[in-house]
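J.: Sequence:
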Amino acid sequence: MTNLWLAQIRAVIRLELRKTFFARRGLWIYVLAALPILLFVAYAVGTSSQQNASARVARQGEKTLTYQELLAIKSGMAKQEVMAILGRPPIKFQWKEPRETDAGKPGDVLRESYHYSDGQNDLFLELADGKVEGISVREGNDPGQDAVMYAGVFQFFFLRLAVFFGCLGIFMNLFRGEILDRSLHFYFLAPMRRDVLMVGKFLAGLLATCAIFVTSEILQTIAFLWHFPPNVRDLYLYHNHGLEHAAAYLGVTVLACIGYGAFFLVAGMLFRNPILPAAAILIWEGINPFLPSLLKQFSVIYYLKSLCPVEIPTPPGMPPLLALLISNSDLVSAPVAVLGVVGVALLALYVSSRQVRRMEINYTTE
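The opening residue of the sequence shown carries number 5 in our numbering; numbering runs sequentially from there.
Derived by calculation from the structure, the hints in this document are not laboratory data.
Careful, some of the hints might be misleading.
[Stated by the list, open to error] Capping the alpha-carbon separation at 27 Å, the derived lysine-lysine pairs in BS3-like fashion look like this: (1) LYS135 x LYS67; (2) LYS96 x LYS135; (3) LYS100 x LYS78; (4) LYS83 x LYS100; (5) LYS83 x LYS67; (6) LYS78 x LYS67; (7) LYS96 x LYS78; (8) LYS135 x LYS100; (9) LYS135 x LYS83; (10) LYS96 x LYS83; (11) LYS67 x LYS96; (12) LYS78 x LYS135.
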């Protein structure tokens, strides 16, 4: 019987994959998976343009500067001291600003704006009457800061929205779509156990979501690394755990597809209207940081956050509720997190197997 069930599961997977990948009602899932890629491509294009502009400013400078020389400029320095360290500014603006003198008479203050660059980092100076008043440093390549930005996009957009709604669209339609198309009875009339059918459909949905979102994650990583110079890219990948982070993000994506897929499979069997269970699960996942420790364990995002390789720092002055939403408190170990997602998924699949055996078709009520 095992060989027969495996053959039936493979047949169901082949049929479902063809319908899932080319279904018109699922085209929006590809758009959802492409959005973070477009975001990182736009960021890479903007950053590359900024780097090219910094390189042009550096070439126009009187001296070849270093980052330490840019940081040597302090507020209150005279213009002559600045030029002794950095040379004449490659980009300079000056204007006069009317101002009352201490005696109450009208007068003018000479304001100047200097722009220096070492090719990657930019220094902007504001001077008034030959004295430095304002200093602004714009750093160029910062893989650490960019990695935090990538982690924020992954956790709060890709996991909570793209993968979440992608799994909703695919897994809830595995049975609901058949009912709406009035074709589920063909499966039920076939000489096949219903729980075998359920397993085949779940595996087909899992393969489809993993193919879509793992591909999206790989392309996001490529777009994220695009704007780095080769030496910075190699340093990040091979010495700053970049490859380990990329592998961790791929693993978390697969686990998210497993966990959310199992939830939405059973929801598609229990509810006619997908909006209600989707909204309930979305709210439950969103309020997870505020739940008691015991209730947190019945959530997918609780385990996925523990597996994310980069922790998002909480900015100072952030409201406590938002800080709690960002922070990864009550983290669990990686093995516990993986087993937690698999356990939650198996529980949902068990409910699905019980439900599919009692499932009755009544197309007239749809």
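J.: Hints numbered earlier in the text: which of these fail when held up against the supplied structure?
T.: No hint contradicted; all consistent.
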